[in-house]
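Could you put the whole structure together from the sequences, leaning on the hints where they help?
Sequence lines, in order, name chains A and B.
In terms of my numbering, the first sequence has 1857 at position 417, counting the first letter as 1, and numbering is strictly consecutive.
In terms of my numbering, the second sequence has 306 at position 24, counting the first letter as 1, and numbering is strictly consecutive.
Simulated from the structure, these hints should not be mistaken for lab results.
From the three backbone atoms N, C-alpha and C, an ideal C-beta is built for every residue, glycine too.
Please note: incorrect hints may appear among the correct ones.
[Said to hold, decoys possible] No more than 25 Å apart at the CA atoms, straight line, and that leaves these computed lysine-lysine pairs for DSS-like:
#1 A:K1879 <-> B:K438
#2 B:K392 <-> A:K1886
#3 A:K1886 <-> B:K438
#4 A:K1752 <-> A:K1879
[Said to hold, decoys possible] Output of the computed footprint for chain A on chain B, the stretches with three or more beta carbons under 8 Å from beta carbons of chain A:
#5 348-361
#6 419-431
#7 453-459
#8 466-480
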Amino acid sequence: MSLAQIIANLPALVVAIPLLLSPVAAMTPVAGLAWLLAVLGSGAAFLCALLLQGAVTSGESFSYFLGNWPPPWGIEFVVDAPSAFTVLVMSGLAFVATLFARTALLAEIAEADAGKAYAAWLLACGGLSGLVMTGDAFNLFVFLEISALSSVILIALGAGRDRRALIAGYNYLVIGAVGATFYVIGVGFIYAVTGSLNMADLAVRIPEVPQTTVVMVGFGFMMAGILVKAAIFPVHVWLPAAYAFAPSAVSSLLAAIATKAALYVMARIVFDIFAGMPEMIGFALEFVLVPLALGGIFIGTILAIYENDIKKLLAFSSVAQIGYIALAFGVSTTAGIAAGFIHIGNHALIKGGLFLAVGAYAVLLGRRINLTQMAGLGRRMPITTTAFLICGLSLIGLPLTAGFISKLYLVRALLEAEMMIVVGLVLASSALSVAYLWKIVEVLWKPAAVIAPVREAPALYLPLWILALGNLWFGVAPAPLVDAAMRAAMQFTGGM
Amino acid sequence: MLMQPQTALLVGIFAPLVTALLVPFLAVRSNWRDIAGPVGALVTFVAALEVTADVLAGGVPTWVAAELAPGLDLAFRVTPLGAIFGLVASGLWIVAAVYSVGYMRGNHEKHQTRFAAFYAVAVHAAMAIAWSGNLLVLFIFYEILTFSTFPLVTHKDSRAARDAGRLYMSILVGSSVILLLPAVIYVWLMTGRLDFVPGGILKDAIPAAAAPWLLAAFVFGVGKAAVMPLHRWLPAAMVAPTPVSALLHAVAVVKAGVFTMLMVVVYIFGIDFLAETRAATWLVWLTCFTILASSCVAITKDDLKARLAYSTISQLSYVVLGAAIATQVAATGAALHIVMHAAGKITLFFVAGAIYVQAHITRISELDGQGREMPWLFGAFFLGALSIIGIPPLGGSWSKFYLMAGAADAGLVMVLAVLSLSSLLNIYYLLDPVARGFFKPKVKEVKVNRHVLTVLPPVLTAALSVALFFFAGTFLELAEAMVTR
Chain A
1441 MSLAQIIANL PALVVAIPLL LSPVAAMTPV AGLAWLLAVL GSGAAFLCAL
1491 LLQGAVTSGE SFSYFLGNWP PPWGIEFVVD APSAFTVLVM SGLAFVATLF
1541 ARTALLAEIA EADAGKAYAA WLLACGGLSG LVMTGDAFNL FVFLEISALS
1591 SVILIALGAG RDRRALIAGY NYLVIGAVGA TFYVIGVGFI YAVTGSLNMA
1641 DLAVRIPEVP QTTVVMVGFG FMMAGILVKA AIFPVHVWLP AAYAFAPSAV
1691 SSLLAAIATK AALYVMARIV FDIFAGMPEM IGFALEFVLV PLALGGIFIG
1741 TILAIYENDI KKLLAFSSVA QIGYIALAFG VSTTAGIAAG FIHIGNHALI
1791 KGGLFLAVGA YAVLLGRRIN LTQMAGLGRR MPITTTAFLI CGLSLIGLPL
1841 TAGFISKLYL VRALLEAEMM IVVGLVLASS ALSVAYLWKI VEVLWKPAAV
1891 IAPVREAPAL YLPLWILALG NLWFGVAPAP LVDAAMRAAM QFTGGM
Chain B
283 MLMQPQTALL VGIFAPLVTA LLVPFLAVRS NWRDIAGPVG ALVTFVAALE
333 VTADVLAGGV PTWVAAELAP GLDLAFRVTP LGAIFGLVAS GLWIVAAVYS
383 VGYMRGNHEK HQTRFAAFYA VAVHAAMAIA WSGNLLVLFI FYEILTFSTF
433 PLVTHKDSRA ARDAGRLYMS ILVGSSVILL LPAVIYVWLM TGRLDFVPGG
483 ILKDAIPAAA APWLLAAFVF GVGKAAVMPL HRWLPAAMVA PTPVSALLHA
533 VAVVKAGVFT MLMVVVYIFG IDFLAETRAA TWLVWLTCFT ILASSCVAIT
583 KDDLKARLAY STISQLSYVV LGAAIATQVA ATGAALHIVM HAAGKITLFF
633 VAGAIYVQAH ITRISELDGQ GREMPWLFGA FFLGALSIIG IPPLGGSWSK
683 FYLMAGAADA GLVMVLAVLS LSSLLNIYYL LDPVARGFFK PKVKEVKVNR
733 HVLTVLPPVL TAALSVALFF FAGTFLELAE AMVTR
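Here you go:
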């Protein structure tokens, strides 16, 4: 095959490679081999995503017809600036999380389950990538289910250590299923009035539909479903327990990529499929999404301040950070959407890193930990803790870290849109977030009873340091990320 | 000339950072570790001298590190005012580095390696602030300075230190995130640039009615300038070991605050724009209030370091006042005051710390009669105090003279009255410890353990305060270059 042919098939490969490797992993009896397959699958997907991003950067944008059936009948995979960007972020983080999983996952699950665990892992990666790549509204539902079911398995794997993982998984199963059902009901309404499922086709047909009420209802259902998946306040309730009780490696995978895919889908629905109905979209963003996002930001931050379980604390912080991304999309200008995409990338780096660090603590100390037990870890595990600190400082937006770039562009977009009150609220919440991070930092360097140093394993801290350095790199030289996010936003707004 | 200006710029910024990174590796050999600080300081100072020489010759040393945003670089570009601040921070670091070795050893402090490392990181941030090429870079290192000084403030690991650290962080980080950052972004949005341009960039870019509000966002966003009511963090930070109070909370950190205000007024607003719009009138009165109010509080303090802290708050407002008056002469005075107050106040803190190390006295009421035990220290304190009061032949008299001339120039008779009254208050509360030391009978017998490394630095900086009176020309030239080019 020539390079051109490979590139032409990349959109399918990103999704297909992990999906196809998944059953192989399930049948592999040896844990190490299954892990190798997972590395192979996520690595290949990452490579494909890099190539795709390269192609998109040079101005290309292409679509792939599964089975050579052209749309609107067949299923189409679309690669343009937003999808290439999101899939690159997700596959990159998934790759790093997979590297980390080798030691971390086995520490928390039975060795006999490893093959099946990695099968679910690969399914989740492939399913989430599929969510982003697909250009078909119904096919999206299929990927939604694939990723949701595999995530439930992964979360429930935490049961070996804490039975509450089962409840967390069950909650996610039920709430996630409600979300997916809402989404598919919405798709049904839209299909009824347009007769199409292809997104590009829908975007053309929807403005011409005379029954606007049906379109509105369909839109409402689809959005409600996706809000659940993206864990936007107040339908975020599944997220804290799911992240807290899943095995550490799984927490870092899900925290880094799961909600990002849903946020991307939300942007796709709002700015692409329904872009032809600006009044409805404007109303939904201004009176629903922005208030919900702000609610999530404050609720998440405040709950995080009072939380003592470290993984739950980080999960609440995720609710707040997802709020920032949703808020940025809610601004709906090019600058706003770009800020949203920038934070999709940066938050994946930040939260992925933080969960990896917490995972490393849990593995090395051999148990779930809360804040009190973290006392003095800074002195006992300096390598891991320094990386944790870098990611934490990035979370609160210290300059020269990626988080600062996010904050910079978000505030700039809000000022440009003259949303002064929102600017005040965002900055106030950002100052509040220092409180919970500082709570952790103080504990880490507190004089503690136990001071025996812990041997830190490279298999755990190397992936973590990749992300920590990523936080620094994109804080000092953010231009590639910002450019890519800008291009993604311009695709949606037409460069306004 | 030892190095090219651009090389010197890089050396000046990175020598402190390299020092900080070396310190942990030298931890096992404490002598080598403790030499690293002074050597790093010396290298930094030489670099700062080279950079200043180039600025005086009309050059603009520049280094662009990376692109932060389209049209906005992570760039360093030395302005005349930046040259002044760089020179002050690096020059006083040499003495402070020597002093901190004496203090930490004499006091048997724990975690000396961590202390030395973060001390150097803080100086790195201060140098980067001094030579920053635009407002965003300045903001970046402003934040890093806050974070790098936190481990120094909480060095004692005690409950009191942690509470003080929390107050320190919440005021400095809170104010900068909530007000300074949006102010910076607002300027960026309205003008499309953030670099420092003589004459300012805001004229014609923002409505005149918005100017006072934007200025307020800067004043209350730059918590390090400690204009009331944002001053509380500074007395709280006194819980840190005295070398921190001396170099950082009398020089690098607080001067970074007033330096930022001066940069914003001179290069972002432009003195003329500020004068035309009268946007800073309110600030003149607020700083006057801060000057007098904090002097009054200082009188009530019996703890020597707390008294010095309130004196610092008062003196910082002199600089902000000089910027707010918005005339060329006043701005020159403000820039000079950064230098003169730094030399004077670091002397006072050195003495306070040395007295603590040698006699374990922290209260002014216990200083009675101790002057005869420690004549060199009390002599140095006397000279430093005189300089801050502004009496010739000490450096402080120049900056007071220019500030008063600037106020007279702007027709602000009340400001003249405030400055005179403040000098009287200074005489009262700064000379009081000296007078007690020499003229009152002893109230407490103490055993004095002499540590030469804690005595030499204050004597040196006291001599520097005298020298600055006679050799103020270079700084004057730089300060005037700031407002004219």
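Which hint numbers doesn't this structure obey? none
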